[in-house]
Amino acid sequence: MSLFLRFGRSVRVVAISAVVLSAAAMAHVTSVDVDRCAVPSEFLPHEGGFVRLTDRLRQGLPVVIAAIGGASTRGIGPLEQSYPARLQAELSRRYPKVPIQVVNLGVARETALDMFHRLSSQVLSLKPDLVIWETGTNDAVSAVILDDFVQALKDGLALLKTTDADVLMMDMQYSKQSAEVINFDRYMEEMQNIAEAGDARLFKRYAIMKYWSESGAFDFDGPMAARRDLAAQVYDCIGRRLADAILVSDP
Amino acid sequence: MMPQAINVSRDARIDFFRGLALVFIFIDHIPDDVLNDFTLHAVGFCDAAEVFIFLSGYSAGLHYGKAFWRVDLIHGEALLLRRIWTLYIAHIFVFMIYTATVSYTVETFHNPMYSEELQVGDFLTSTHVVIVKALLLQFQPAYLDILPLYIVLLALQLVLMPLERRRPLILLIPSAIVYLVVQVWDWPNLPAYPEDRTWYFNPFAWQFLFCLGVVLGLSRLSGRVLFPRDRRLFMLAVVVVAISTVIKTSWTLHWHFEEIPALLIGWLEPISKTNLAPLRLINFLALALMVEWMMTPQAQFLKMPLARAMIACGKLSLNIFCLGILLSVTGHFALVEFGSGFAMQVAVNGAGISIMVAIAYFILWFRRAERPPATESLKAPSAVRGE
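Protein chains in written order, with my numbering: chain A, 1 to 251; chain B, 1 to 387.
Don't read these hints as lab results, they were simulated from the structure. One thing to keep in mind: the hints can contain errors.
[To be verified] Here's a subset of chain A near chain B, in silico, CB distances under 8 Å, partners left out:
#1 His46
#2 Glu47
#3 Ala143
#4 Ile145
#5 Lys154
#6 Asp155
#7 Ala158
#8 Ala179
#9 Glu180
#10 Val181
#11 Asn183
#12 Phe184
#13 Glu214
#14 Asp244
Predicted model, so just to flag it, every value in this text is computed and none were measured. Ideal placement from N, C-alpha and C gives every residue a C-beta, glycine not left out.
Please put together the full structure from these sequences, using the hints given.
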């Protein structure tokens, strides 16, 4: 992990969560009470559009979800604390009989274009039923040319459309201080537009985390010591809200 | 011979819409501001940037054209240079504000949840490079991208103005060709920092809108009519604006009410702001034409207190623009720190706009007070103030 962080971009480590993690293994992960990170329904998509995935879940067929993204997809600390693992745990809780695998394809500091280049080699080869594409942060931070960002998203969605997979895009993480320094607005607006134009759903992580921050559910800028635990708790909540978003038409 | 410049009184509409654009820019620069959905970009493909750049071009044509005609070439060039210098100083001032904000919030980057993705590191570890790049107009973080564009576009007029004042329309041809080249090849653009980056507002594209403004300003000065008032043209503009408004409004509404479809979005996206996509340009020109036709400079509406407040802001566009950026940063900070509930939103937006208007009135008052009353009329044409 530390090696991975230190070398960042140069070492292209692809973290892949191995097999279906048993419920017992998950027990030690910090769990938060459900109400703490509940969000009003307007933050989640109104209609799912995850036809393939929900069909398979209902029929009890094995499900593969690929989560491609940056540092916040990879997570900090053990992989089972990342949001893809937490999503897997949550889906398994709701569909205990269905074999569900969420593959973590998070690599720190990647732009949308970097991720686009990984789509065909790493995502399509998994033959996923759902692709979660978390992106935009690094593009906004390093001020990637906006039109290039848009083009990468467009190309990526077009490529994913050639498969049967459902697609869910996910935007940036929120914290008060990062919001003060980095202008995510333009990138977020484009993500919305491109997701809509490419007929993909968008998981509004930024808005959801902002809601948590303002409602007092979480303090993302709190004392230093609490921050590692904080990450685990936030990823857990993200995983559960993702499950809500995916199953929105299938409560 | 130069054409005889006629005396043009200040067109209140220009100041009004420039002021309004500045208020919109202030609002648009606050992320997650509720009022974002009530500015031009919510209902049009274009936004306040087009209005600001076009009207800046227009008043540059009017103002410096006057200097070029009334006095002489050297004097006109000197005035232009002085203005460019002022803009540059303003840019550096805004950069200082940015630097202060970033340095202050460096704390965030010790948070493991964010540290790996938020590499503003560049700014903090190689400050020496970044500052030089900012001085060279190559480092353009958010908020710092409009002034560099304005500076370059005005600098371009150092060359174009002496030519434009004779044959304004002919100069629009190369300008349009460069614009079209950018549309087709997505090239050229000026380099920015860090490497591989280019300007957010591509000057090669935006120069067309600015030049259009300059030429129209110049033609007003010389009393030449460039566009005949054709009713069919007006109707076309109305249709374009109506269609654009319906489409873009549906997108804006879609983000709040998913049941409302975002019309034609799959066909129209992406619409490049960097390269001033034709859709944006056409939408803006149609809007400008429509407004120009429907609203005379003597319109009663412009005498209302709120309109006069906007006019005051528009008259002092550079001061109020910089102030607006300062207020956006502060306002955003307040919303983040103290919550972005409805009351806070109203307070931040209300306070920001009030401060902009108050400062505009204050500067105007101060300028009037500063100017010796009687001697003014005796002075040489160098008293062409007002920009």
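Outcome of the hint check:
no., hint, verdict
1, His46, "holds (4 Å)"
2, Glu47, "holds (7 Å)"
3, Ala143, "holds (6 Å)"
4, Ile145, "holds (6 Å)"
5, Lys154, "holds (7 Å)"
6, Asp155, "violated (11 Å)"
7, Ala158, "violated (11 Å)"
8, Ala179, "holds (5 Å)"
9, Glu180, "holds (5 Å)"
10, Val181, "holds (5 Å)"
11, Asn183, "holds (3 Å)"
12, Phe184, "holds (7 Å)"
13, Glu214, "holds (5 Å)"
14, Asp244, "violated (15 Å)"
Violated hints, in rising order: 6, 7 and 14; the structure is consistent with all others.
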